[in-house]
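Undergrad: Sequence:
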Amino acid sequence: MSSAKAMAQAQFQSLTAERLDAVLAVEQRAYAHPWNRSHFLDALQAGYQAQMLVADDALLGYFVAMEGFEEVHLLNITVAPEYRGQGWSRVMLDALTLWARGRTAQWLWLEVRVGNERAMRVYEAHGYRRVGYRRDYYPSIHGQREDAVVMSLKL
Numbered sequence: 000m001s002s003a004k005a006m007a008q009a010q011f012q013s014l015t016a017e018r019l020d021a022v023l024a025v026e027q028r029a030y031a032h033p034w035n036r037s038h039f040l041d042a043l044q045a046g047y048q049a050q051m052l053v054a055d056d057a058l059l060g061y062f063v064a065m066e067g068f069e070e071v072h073l074l075n076i077t078v079a080p081e082y083r084g085q086g087w088s089r090v091m092l093d094a095l096t097l098w099a100r101g102r103t104a105q106w107l108w109l110e111v112r113v114g115n116e117r118a119m120r121v122y123e124a125h126g127y128r129r130v131g132y133r134r135d136y137y138p139s140i141h142g143q144r145e146d147a148v149v150m151s152l153k154l
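So in numbering that gives the first Met the number 0, the last one in the sequence shown is 154, and the numbering has no gaps at all.
If you are wondering where the hints come from, they were derived from the structure by calculation, not from laboratory data.
Check before you lean on any hint, since a few could be wrong.
Label pairs and their calculated CB-CB ranges [unchecked claim]:
{"no.": "1", "residue 1": "GLN27", "residue 2": "THR103", "range": "19 to 25 Å"}
{"no.": "2", "residue 1": "ARG144", "residue 2": "ARG120", "range": "34 to 40 Å"}
{"no.": "3", "residue 1": "GLU81", "residue 2": "THR103", "range": "35 to 41 Å"}
{"no.": "4", "residue 1": "PRO33", "residue 2": "GLN105", "range": "20 to 26 Å"}
{"no.": "5", "residue 1": "ARG133", "residue 2": "GLU17", "range": "18 to 24 Å"}
{"no.": "6", "residue 1": "ARG83", "residue 2": "ARG18", "range": "18 to 24 Å"}
{"no.": "7", "residue 1": "ASP135", "residue 2": "THR103", "range": "20 to 26 Å"}
{"no.": "8", "residue 1": "LEU97", "residue 2": "HIS141", "range": "28 to 34 Å"}
{"no.": "9", "residue 1": "GLU116", "residue 2": "HIS141", "range": "33 to 39 Å"}
{"no.": "10", "residue 1": "ASP146", "residue 2": "GLN27", "range": "22 to 28 Å"}
{"no.": "11", "residue 1": "ASP20", "residue 2": "ARG83", "range": "18 to 24 Å"}
{"no.": "12", "residue 1": "GLU17", "residue 2": "VAL130", "range": "35 to 41 Å"}
{"no.": "13", "residue 1": "ALA94", "residue 2": "GLU17", "range": "19 to 25 Å"}
{"no.": "14", "residue 1": "GLY142", "residue 2": "ASP55", "range": "26 to 32 Å"}
We put the beta carbon where it would ideally sit given N, CA and C, even for glycine.
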């Protein structure tokens with residue numbers, strides 16, 4: 000599917016347990032340490048905001064966010080590897096920002112692997128700032144851990 004065609008046809012749909020197999024397939028391709036089925040099911044059961052971005056039958060990406068008091072915490076945002084570099088992360092971040100504002104959130108928060116400079120550039124271009132670190136936050140290779148950069152966006 001061409002990028003222009005996908006852009007014209009892209010829409011958000013609720014991420015549901017019935018559609019989780021497609022999400023898990025993307026998650027497995029996208030990450031060395033992916034979320035598993037229980038992570039997603041727990042998020043859905045808790046009522047977190049979980050949206051898929053689709054065009055025709057193609058899953059372009061998805062995000063999961065948790066609402067707190069006057070804030071929203073982005074837990075997972077993923078663009079399918081074959082659709083990276085086409086602006087879909089910005090589309091999803093825009094949708095998340097609009098939803099969070101509609102919920103009267105004052106802040107958006109996220110963590111990103113310290114080695115994921117590409118993602119940090121996307122977040123910074125969207126207005127997020129680096130505000131801290133979490134040591135040994137993410138699993139890494141050979142049982143080791145990787146630090147996270149904490150980023151926030153004032154709404």
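Undergrad: Quick check on a hinted range of 26 to 32 Å for GLY142 and ASP55, using CB atoms only.
TA: At 41 Å between Cβs, range violated.
Undergrad: Quick check: does the Cβ-Cβ distance between PRO33 and GLN105 fall within 20 to 26 Å?
TA: violated (31 Å)
Undergrad: Take a look at whether the Cβ-Cβ distance between ASP146 and GLN27 falls inside 22 to 28 Å.
TA: holds (24 Å)
Undergrad: Starting from the range 34 to 40 Å, see whether the pair ARG144 and ARG120 falls in it by beta-carbon distance.
TA: Since the Cβ atoms of ARG144 and ARG120 sit about 23 Å apart, the hinted range of 34 to 40 Å is violated.
Undergrad: Return holds or violated for the Cβ distance of ASP135 and THR103 against the range 20 to 26 Å.
TA: Distance hint for ASP135, THR103 is violated at roughly 34 Å.
Undergrad: The hint says 18 to 24 Å between ARG83 and ARG18; measuring C-beta to C-beta, is that right?
TA: holds (21 Å)
Undergrad: Using the beta carbons of ARG133 and GLU17, state whether their distance is inside 18 to 24 Å or not.
TA: Given about 33 Å between the Cβ atoms, the range is violated.
Undergrad: Look at the Cβ atoms of GLU81 and THR103 and judge whether their distance stays inside 35 to 41 Å.
TA: holds (36 Å)
Undergrad: Okay, ASP20 versus ARG83 on CB: inside 18 to 24 Å?
TA: holds (21 Å)
Undergrad: Falls inside 28 to 34 Å, the C-beta gap from LEU97 to HIS141?
TA: violated (41 Å)
Undergrad: Does the hinted range 19 to 25 Å hold for ALA94 and GLU17 at CB?
TA: Roughly 21 Å apart at Cβ, these two residues keep to the hinted range, so it holds.
Undergrad: Hint says 33 to 39 Å; check whether the CB-CB distance for GLU116 and HIS141 agrees.
TA: violated (22 Å)
Violation of the numbered hints given earlier is confined to hints 1, 2, 4, 5, 7, 8, 9, 14; the remaining hints are satisfied by the structure.
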